[in-house]
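Q: Given the coordinates of chain F, work out where chain W should sit on it, guided by the hints.
So the sequence lines, in the order shown, correspond to chains F and W.
Every letter in the first sequence is one number past the one before it in full-length UniProt numbering, and letter 28, counting from 1, is 28.
Every letter in the second sequence is one number past the one before it in full-length UniProt numbering, and letter 24, counting from 1, is 24.
Just so you know, the hints here were simulated from the structure itself, not pulled from any lab data.
Think of the CB as a built atom: it goes at the ideal place given N, C-alpha and C, for glycine as much as any other residue.
Any given hint could be a false lead.
Said to hold, decoys possible - Derived coverage of chain F by chain W (criterion: at least 3 residues anywhere in the stretch with Cβ under 8 Å from a Cβ of chain W; other residues may be distant):
1) 209 to 223
2) 286 to 293
3) 309 to 321
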Amino acid sequence: MNFDLSDDQRDAAAGAREFFTGSVPLSAARAALEGDGVPAPGRKALADIGFLGITVPESAGGAGGSVLDLAVVAEQAGAVLAGPSLVTAARAAVLLEGAPDLAAQLADGSAAIAVLDGPVTGSAPSLDAADATLFLGLDGGALVVGEGEVTPGRPMDATRGLASVRMTSRRVLTEDAGELWARARQVGAVVMAAEDLGAADRAVLMGVDYAQQRQAFGRVIGSYQAVKHMLVDAWVGVDQLRSLVWWAAWAADDSPAELPLAAAAAKAYGAEVAERATETVVQVHGGIGFTWEHDAHLYWRRAKVDRLLLGDAAEHLDAVARLAVAGALG
Amino acid sequence: MDFDDTPEEASFRAHVRSVLQEHASELLHVAPGEPVDARSREAELRDTQRVLAEAGLVGVPWPREYGGQGGTLVQQAIVGQELGRARVPTLINHIGIGMCGPTVIAHGSDDQRSRYLARLLRADDVWCQLFSEPGSGSDLAALRTSAVRDGEDWVVNGQKVWTTLAHVADYGILLTRTDPERPKHAGLTMFVVDMHAPGVTVRPLRQMSGGADFNEVFFDDVRIPDSERLGEPGEGWRVALTTLMNERVAIGGAGSDIGPSPESLTAHARDRLPALAPEQQVLARQAVGRALVASLAARYTGYRRFTTLSQGGLPGPEASAGKLGGTAAARLVADAGVRLLGDEAVLGATADGDDSWQRAQAYVPGIAIAGGTDQVLRNILGERVLGLPPEPRTDKSAPFSSGGRR
Numbered sequence: 001m002n003f004d005l006s007d008d009q010r011d012a013a014a015g016a017r018e019f020f021t022g023s024v025p026l027s028a029a030r031a032a033l034e035g036d037g038v039p040a041p042g043r044k045a046l047a048d049i050g051f052l053g054i055t056v057p058e059s060a061g062g063a064g065g066s067v068l069d070l071a072v073v074a075e076q077a078g079a080v081l082a083g084p085s086l087v088t089a090a091r092a093a094v095l096l097e098g099a100p101d102l103a104a105q106l107a108d109g110s111a112a113i114a115v116l117d118g119p120v121t122g123s124a125p126s127l128d129a130a131d132a133t134l135f136l137g138l139d140g141g142a143l144v145v146g147e148g149e150v151t152p153g154r155p156m157d158a159t160r161g162l163a164s165v166r167m168t169s170r171r172v173l174t175e176d177a178g179e180l181w182a183r184a185r186q187v188g189a190v191v192m193a194a195e196d197l198g199a200a201d202r203a204v205l206m207g208v209d210y211a212q213q214r215q216a217f218g219r220v221i222g223s224y225q226a227v228k229h230m231l232v233d234a235w236v237g238v239d240q241l242r243s244l245v246w247w248a249a250w251a252a253d254d255s256p257a258e259l260p261l262a263a264a265a266a267k268a269y270g271a272e273v274a275e276r277a278t279e280t281v282v283q284v285h286g287g288i289g290f291t292w293e294h295d296a297h298l299y300w301r302r303a304k305v306d307r308l309l310l311g312d313a314a315e316h317l318d319a320v321a322r323l324a325v326a327g328a329l330g
Numbered sequence: 001m002d003f004d005d006t007p008e009e010a011s012f013r014a015h016v017r018s019v020l021q022e023h024a025s026e027l028l029h030v031a032p033g034e035p036v037d038a039r040s041r042e043a044e045l046r047d048t049q050r051v052l053a054e055a056g057l058v059g060v061p062w063p064r065e066y067g068g069q070g071g072t073l074v075q076q077a078i079v080g081q082e083l084g085r086a087r088v089p090t091l092i093n094h095i096g097i098g099m100c101g102p103t104v105i106a107h108g109s110d111d112q113r114s115r116y117l118a119r120l121l122r123a124d125d126v127w128c129q130l131f132s133e134p135g136s137g138s139d140l141a142a143l144r145t146s147a148v149r150d151g152e153d154w155v156v157n158g159q160k161v162w163t164t165l166a167h168v169a170d171y172g173i174l175l176t177r178t179d180p181e182r183p184k185h186a187g188l189t190m191f192v193v194d195m196h197a198p199g200v201t202v203r204p205l206r207q208m209s210g211g212a213d214f215n216e217v218f219f220d221d222v223r224i225p226d227s228e229r230l231g232e233p234g235e236g237w238r239v240a241l242t243t244l245m246n247e248r249v250a251i252g253g254a255g256s257d258i259g260p261s262p263e264s265l266t267a268h269a270r271d272r273l274p275a276l277a278p279e280q281q282v283l284a285r286q287a288v289g290r291a292l293v294a295s296l297a298a299r300y301t302g303y304r305r306f307t308t309l310s311q312g313g314l315p316g317p318e319a320s321a322g323k324l325g326g327t328a329a330a331r332l333v334a335d336a337g338v339r340l341l342g343d344e345a346v347l348g349a350t351a352d353g354d355d356s357w358q359r360a361q362a363y364v365p366g367i368a369i370a371g372g373t374d375q376v377l378r379n380i381l382g383e384r385v386l387g388l389p390p391e392p393r394t395d396k397s398a399p400f401s402s403g404g405r406r
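Isolated chain F (complex conformation) (with noise of 0.2 Å):
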């Protein structure tokens, strides 16, 4: 058994790391929020590093990488709230297969491609349709791809750019794609989690360093265990967090009869765990970090957001007790 990531994908982590790092200040997803900039490193610098083609096939103008080399830079991404996700890149790439020249622009941003949940003639706000041009999104059972009117609400986290979108224009890709459409989605739920590990790490690790400097009642409060257990809790949390995205991100490409239910328990065990995370992050702040000028309702907001996006939990444990009970665990 050898359950760990290559040295190729821990260079990949290491690379998508400084990246992102230096190219998204927590202060863009706030401009975003505040209706004063756009989600940051934007599409075209993510399509310029090669991140929007990790998973497109190296024919189409890809890397032809794995989900697994994408969640590990997605994992990164999700650290700093950058947008658009990878979710989108990856759910797309997967539904582009039988498409090259689209998912040839994809990879290159050349299109700015969403995808809709729910009725193609009124979406459900669908991640990162707000600053996008074609839409694909499931027609009677066909995919589709087409232009479209966009309604975008009032963001409770801009970085997910949501939106509604009205399918004016709809030529088909792919007659009877159910299949392909749940696959697709299955893959964006992994990718999901792993951006919210991400955020729920970089959560954890801002409870932990103030919890380090605070001092109240004459010593620094993570030396008191009612503080510090909860953040051994949002850490174990996001410890076992890892060990099913990296092994949702594996079946995507190695074993396809695991993946529904990997990510279905990956999707809702990163809520749960994000959710965790960003609620202690808060808590451990104390006043200051229910300020509207402490970050931690930044990533508070992501995982408010995330855990409905794709399916909630409920839909995910329910998905994995009925896949288990009919034989998907063996």
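A: This is chain W only, laid out in the frame that chain F set:
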């Protein structure tokens, strides 16, 4: 990344399977979750371990000179997995193999090693670990059982408690206080004690789950020869740390489930879900899904630790997270299992006499306490992994006899 054995691991696993098959008629086998009472099945359990030891499957990573195979921790884990798969119960001497033996190897004399270790592996002697006391559980170094030098012997008086297997044990490693005038950690000394010696009294304790796996042990003027000391006088804490580090490797490590497995919950759900009302089924599936996710999260985290072992590393303090996660999962799995029983969940057993889920439920509180309480493990993780400072302590440097006051 892959979940397959390396060629070396695969061939070792095949070897283990063939040995278990060859000796199947000489080994005890039990149903999944079936409790095994060490007292009533002592002879079968000892025989089973002896057969396995003679086949080279016990103490695999121990040096050859002490009866081991000079193998790896991964090989040990593979043996554990295959014993589970073949439904051979936990070895009767698991405390001896996991904790007492490694302590004797690290701190015993050549004479002690040659007298004890080979017999321990064959379960000719069963061992127990005499650490906790009524007044010192998590705060182990507060123990009061005294050993006083008298000629070539030490005379021991006091009481130990929660001692797993003491009721069938032949020997134990015993942590005592030999110098109450020194600070609590500095006045301790470790011994090997003969559990059949005059003055040793063992009384089984019944757990809330109904079984009796552990005991209280009384020492009344028990004489231990100085040659049975492990380490120098006053070095007992350092010796005990060897034992506790090995305990951490033994519990909650390489991807083995702490409570009932996710597969057993799945099988139970397949059986029981259809009998519930539709609206109950929805809620039960939520509980089952949540429990399975927690179980899988703990299992795959264990696989990461297994990989560390496989690459020649040793588990660090983060291994404590394995027991915390495993305990949380065990709680959810047991709860979901009981809830699936529907109206029968309020009874101690179902109409057909099966009480496995009720027992699992009543066992969970013990899991959260034994081998490091959830709270102690959180302190270890908070301090050693997250780097948060410990709570201030007033009792660390004062003489133990002062009661912790300077």
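Q: Look at each hint and say if it fits the structure.
A: Evaluation of the provided hints:
| no. | hint | verdict |
| --- | --- | --- |
| 1 | 209 to 223 | holds (count 6) |
| 2 | 286 to 293 | violated (count 0) |
| 3 | 309 to 321 | holds (count 7) |
Comparing the model with each numbered hint stated earlier shows that hint 2 is the single one that does not hold.
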